[in-house]
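Participant: These are the residues of each chain, in order.
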Amino acid sequence: MTKLKALIVDDEMGMRLGAQRALDKFSIAVENSDHEITFDTDIAGTAEEALEKIEAHPPDILLLDYKLPGMSGLDLLNTIHIEHDETAVIMITAYASLETAVSAIKQGAFDFIAKPFTPGELKSVIEKAVKNLMLARQVKKLARERHEIRFQFISVLGHELKAPINAVQGYLNLMKDETLGGDISGYAKMIDRCLIRTDGMLKLIGDLLDLTKIESGKRERTLIKQNLVDIADEAVETAAVTGLEKNITIEMHTKTPVFLTCDSSEMTIIFNNLLSNAVKYNCDNGRVDVYIEDTGEYVTISVHDTGIGLSPAEKEKLFQEFVRIKNSKTKNITGSGLGLAIVKKISAQYKGNISVNSEEGKGSTFCVTLSKKEGLSLTKEE
Amino acid sequence: MNTKNKTVLLVDDDADFLYQTELRLKQEGYTVITADGEEAAETVLQETRPDIAVIDLMMERMDGGFTLAYHIKKIDNNIPVVMISGVTGETGISFDAATDEERNWVKADVFMAKPVRFEQLIRTIKKLAG
Numbered sequence: 003m004t005k006l007k008a009l010i011v012d013d014e015m016g017m018r019l020g021a022q023r024a025l026d027k028f029s030i031a032v033e034n035s036d037h038e039i040t041f042d043t044d045i046a047g048t049a050e051e052a053l054e055k056i057e058a059h060p061p062d063i064l065l066l067d068y069k070l071p072g073m074s075g076l077d078l079l080n081t082i083h084i085e086h087d088e089t090a091v092i093m094i095t096a097y098a099s100l101e102t103a104v105s106a107i108k109q110g111a112f113d114f115i116a117k118p119f120t121p122g123e124l125k126s127v128i129e130k131a132v133k134n135l136m137l138a139r140q141v142k143k144l145a146r147e148r149h150e151i152r153f154q155f156i157s158v159l160g161h162e163l164k165a166p167i168n169a170v171q172g173y174l175n176l177m178k179d180e181t182l183g184g185d186i187s188g189y190a191k192m193i194d195r196c197l198i199r200t201d202g203m204l205k206l207i208g209d210l211l212d213l214t215k216i217e218s219g220k221r222e223r224t225l226i227k228q229n230l231v232d233i234a235d236e237a238v239e240t241a242a243v244t245g246l247e248k249n250i251t252i253e254m255h256t257k258t259p260v261f262l263t264c265d266s267s268e269m270t271i272i273f274n275n276l277l278s279n280a281v282k283y284n285c286d287n288g289r290v291d292v293y294i295e296d297t298g299e300y301v302t303i304s305v306h307d308t309g310i311g312l313s314p315a316e317k318e319k320l321f322q323e324f325v326r327i328k329n330s331k332t333k334n335i336t337g338s339g340l341g342l343a344i345v346k347k348i349s350a351q352y353k354g355n356i357s358v359n360s361e362e363g364k365g366s367t368f369c370v371t372l373s374k375k376e377g378l379s380l381t382k383e384e
Numbered sequence: 004m005n006t007k008n009k010t011v012l013l014v015d016d017d018a019d020f021l022y023q024t025e026l027r028l029k030q031e032g033y034t035v036i037t038a039d040g041e042e043a044a045e046t047v048l049q050e051t052r053p054d055i056a057v058i059d060l061m062m063e064r065m066d067g068g069f070t071l072a073y074h075i076k077k078i079d080n081n082i083p084v085v086m087i088s089g090v091t092g093e094t095g096i097s098f099d100a101a102t103d104e105e106r107n108w109v110k111a112d113v114f115m116a117k118p119v120r121f122e123q124l125i126r127t128i129k130k131l132a133g
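As you go down the protein sequences, you meet chains A and B in turn. Read in order, the letters of the first sequence correspond to residues 3 to 384 in the working numbering. Read in order, the letters of the second sequence correspond to residues 4 to 133 in the working numbering.
Hint data in this document are derived by calculation from the structure and do not stem from the laboratory. Be aware that one or more of the hints could be misleading.
Claimed, not checked - Keeping only pairs whose Cα atoms sit at most 25 angstroms apart, straight-line, the calculated PhoX-like set for lysine-lysine is:
1. A:Lys-164 with B:Lys-117
2. B:Lys-117 with A:Lys-328
3. B:Lys-130 with B:Lys-9
4. A:Lys-191 with B:Lys-117
5. A:Lys-55 with A:Lys-5
6. A:Lys-191 with A:Lys-164
7. A:Lys-178 with A:Lys-164
8. A:Lys-55 with A:Lys-69
9. A:Lys-215 with A:Lys-164
10. B:Lys-110 with B:Lys-130
11. A:Lys-215 with A:Lys-205
12. A:Lys-178 with B:Lys-117
13. A:Lys-5 with A:Lys-142
14. A:Lys-333 with B:Lys-117
15. A:Lys-331 with A:Lys-317
16. A:Lys-7 with A:Lys-142
17. B:Lys-117 with A:Lys-205
18. A:Lys-27 with A:Lys-130
19. B:Lys-130 with B:Lys-76
20. A:Lys-178 with B:Lys-29
21. B:Lys-129 with B:Lys-77
22. A:Lys-7 with A:Lys-27
23. A:Lys-191 with A:Lys-331
24. B:Lys-29 with A:Lys-191
Unchecked claim - Over 12 angstroms on every C-beta distance to chain A, these chain B residues come out as not near it, computed from the model:
25. Glu-50
26. Lys-130
27. Leu-131
As the list claims (entries may be wrong) - One side of the interface only, derived from the structure: several residues of chain A facing chain B at Cβ under 8 angstroms:
28. Asn-168
29. Gln-171
30. Tyr-173
31. Leu-176
By construction, the Cβ of each residue, glycine as well, lies at the ideal position given by its N, Cα and C atoms.
For reference, chain A alone in the conformation it holds in the complex (with noise of 0.2 angstroms):
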């Protein structure tokens, strides 16, 4: 239950008592929820006391009279500074006195009502407010959200891009002070490392680039009906390369054609990093076994290895942008931390989803969902 603060301001009694009456009484139901909005009242009859009022407690709703002694209603409005989604003010007027219900909108109030008016009709006005004024708190609060999200993300990143430069840093100050001599052929392991760490940059920069792009929809894409196999067997034969110094197979099983209206670059990416991780964080001579499922109202892409595996912990975070499993068997393995993340975005455009089955030390296979329904309109996530 949410109590709002209602402050009525009206020079005589038995209109500030019958508001107060009317309120006191009046609950709103919150849509889509079991949430109520009652009210807490209280009474001022002039503008002057109602100032003192409002600067020491601001009220959530402000019923005002226009006519007041000393300071009048739109005066009062004048003087105090309404933010829409802190103060909905409605404006007491005259009856057939449009032009001061004009001024009151003009200077800032939500409605107005004019005198007389029942109970009821003074209700209605109220519960116009109230959805207005909580409507505007949550724009409100989901920009803040929004802010600090961003905020994060952007922290993150920097600190991502920190540390391979200050590692390039580090060994262009020892090779600068000379710390293994002055024979360059000595520097050789110091100047790899550079390369590696500047590589790893790139790709961060590179995959940034790639998800802020689907997120913005701002990415060119041409949905054609085509063969998923067709673009799964080119991007296997990419992988095979990668995967020769650790003797990995990959196998793509699936030979009847899988059709799916689809952009064929999104696919290629999600095939390319689904197969790059399998290689990866396999072991030796192991193997990458992929699989295309037609299943109704979906096509599913399975690529299963036989790498060291997750934990139910490591499972949980696996899709959150720039997270990279840490663990004593990744040392050596370098990434961006945005793949799958990656995956994951694309997917939902596709109105589907990635998931993971995993046992550690056995493999993990990774099944990616995509719908078959045609001319999806871009899902922009929030």
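Given the structure of chain A, go ahead and fit chain B onto it with the hints provided.
Facilitator: For chain B alone, coordinates are given in the frame of chain A:
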């Protein structure tokens, strides 16, 4: 410069930071033991008592450096701990003038921010461990 027999325990999950700092410290005459995370550091501490520990704040776990510092002080409160971090903003700890309250809460004797100026690290180590 009597840095003979002084052992520095260096803990960081960034392999390049470990390599570069170990190289510099060895050239200054220190004995260096490196550990690439809290677990590895705990293993080292079971067999060796370093004269000083230089550890990174955030490693495998978000509080990796904190808990390691606590453990070191528990093993021997006299082992100086230098805490290094690349994320001053996120931790909310100001690295210039830590208050008494903060100093009591984080078991480190000195805080340094990355990138670490090596001359400053050497001076700090000399001051704390000789």
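Participant: For every hint, state whether the structure bears it out.
Facilitator: Tested hints:
With a C-alpha separation of about 9 angstroms, the suggested pairing of A:Lys-164 with B:Lys-117 holds against the 25 angstroms cut-off. As the CA atoms of B:Lys-117 and A:Lys-328 are separated by approximately 21 angstroms, the hinted pair is consistent with the 25 angstroms bound. Taking the CA atoms of B:Lys-130 and B:Lys-9, the gap is about 13 angstroms. The hint holds against a cut of 25 angstroms. For the hint pairing A:Lys-191 with B:Lys-117, the CA-to-CA distance comes to about 23 angstroms; that is within 25 angstroms, so the pair holds.
Between A:Lys-55 and A:Lys-5 the CA atoms are separated by roughly 18 angstroms; this keeps the pair inside 25 angstroms, and the hint holds. The straight-line distance between the Cα atoms of A:Lys-191 and A:Lys-164 is roughly 21 angstroms, inside the 25 angstroms bound, and the hint therefore holds. For the suggested pair A:Lys-178 and A:Lys-164, the alpha carbons sit about 21 angstroms apart, so the restraint of at most 25 angstroms is met. Between A:Lys-55 and A:Lys-69 the CA atoms are separated by roughly 18 angstroms; this keeps the pair inside 25 angstroms, and the hint holds.
For the suggested pair A:Lys-215 and A:Lys-164, the alpha carbons sit about 23 angstroms apart, so the restraint of at most 25 angstroms is met. Of the supplied pair hints, the one linking B:Lys-110 and B:Lys-130 holds, its CA atoms being roughly 18 angstroms apart against a limit of 25 angstroms. Only pairs whose Cα atoms come within 25 angstroms are accepted, and A:Lys-215 paired with A:Lys-205 is accepted, the gap being roughly 15 angstroms. Using a Cα cut-off of 25 angstroms, the hinted pair A:Lys-178 and B:Lys-117 holds, with the two alpha carbons roughly 19 angstroms apart.
Taking the CA atoms of A:Lys-5 and A:Lys-142, the gap is near 20 angstroms; set against the 25 angstroms cutoff, the hint holds. Using a Cα cut-off of 25 angstroms, the hinted pair A:Lys-333 and B:Lys-117 holds, with the two alpha carbons roughly 22 angstroms apart. Taking the CA atoms of A:Lys-331 and A:Lys-317, the gap is near 15 angstroms; set against the 25 angstroms cutoff, the hint holds. Our distance criterion of 25 angstroms between C-alpha atoms is met by A:Lys-7 and A:Lys-142, whose separation comes to about 20 angstroms.
With a CA separation close to 23 angstroms, the supplied pair B:Lys-117 and A:Lys-205 stays within the 25 angstroms bound. At most 25 angstroms may separate the alpha-carbon atoms for a hinted pair to count; A:Lys-27 and A:Lys-130 meet this at roughly 17 angstroms. For the proposed pair B:Lys-130 and B:Lys-76, the alpha carbon gap of about 18 angstroms is at most 25 angstroms, so the pair holds. Between A:Lys-178 and B:Lys-29 the CA atoms are separated by roughly 18 angstroms; this keeps the pair inside 25 angstroms, and the hint holds.
The suggested pairing of B:Lys-129 with B:Lys-77 holds, with an alpha-carbon distance near 23 angstroms, which does not exceed 25 angstroms. With a C-alpha separation of about 14 angstroms, the suggested pair A:Lys-7 and A:Lys-27 falls inside the 25 angstroms cut-off, and the hint holds. For the proposed pair A:Lys-191 and A:Lys-331, the alpha carbon gap of about 23 angstroms is at most 25 angstroms, so the pair holds. Proximity of B:Lys-29 to A:Lys-191 is assessed by CA-CA distance (about 18 angstroms); at most 25 angstroms being required, the pair is judged to hold.
Non-interface status of B:Glu-50 relative to chain A is upheld: no Cβ of that chain comes within 12 angstroms, the nearest being about 18 angstroms off. With a least beta-carbon separation of about 23 angstroms from chain A, B:Lys-130 lies farther than 12 angstroms from that chain, consistent with its non-interface assignment. Under the 12 angstroms C-beta cut-off, the non-interface status given to B:Leu-131 relative to chain A holds; the minimum distance is some 22 angstroms. Restraint check, A:Asn-168 versus chain B: the minimum CB separation of about 5 angstroms is within 8 angstroms; hint holds.
Here the hint on A:Gln-171 is kept, as its CB sits about 6 angstroms from the closest CB of chain B, short of 8 angstroms. Interface hint status for A:Tyr-173: upheld, as the beta-carbon distance to the closest one in chain B is roughly 7 angstroms, under 8 angstroms. A least Cβ separation of about 6 angstroms between A:Leu-176 and chain B falls short of the 8 angstroms threshold, and the interface hint therefore holds.
Violation of the numbered hints given earlier is absent; every hint is satisfied by the structure.
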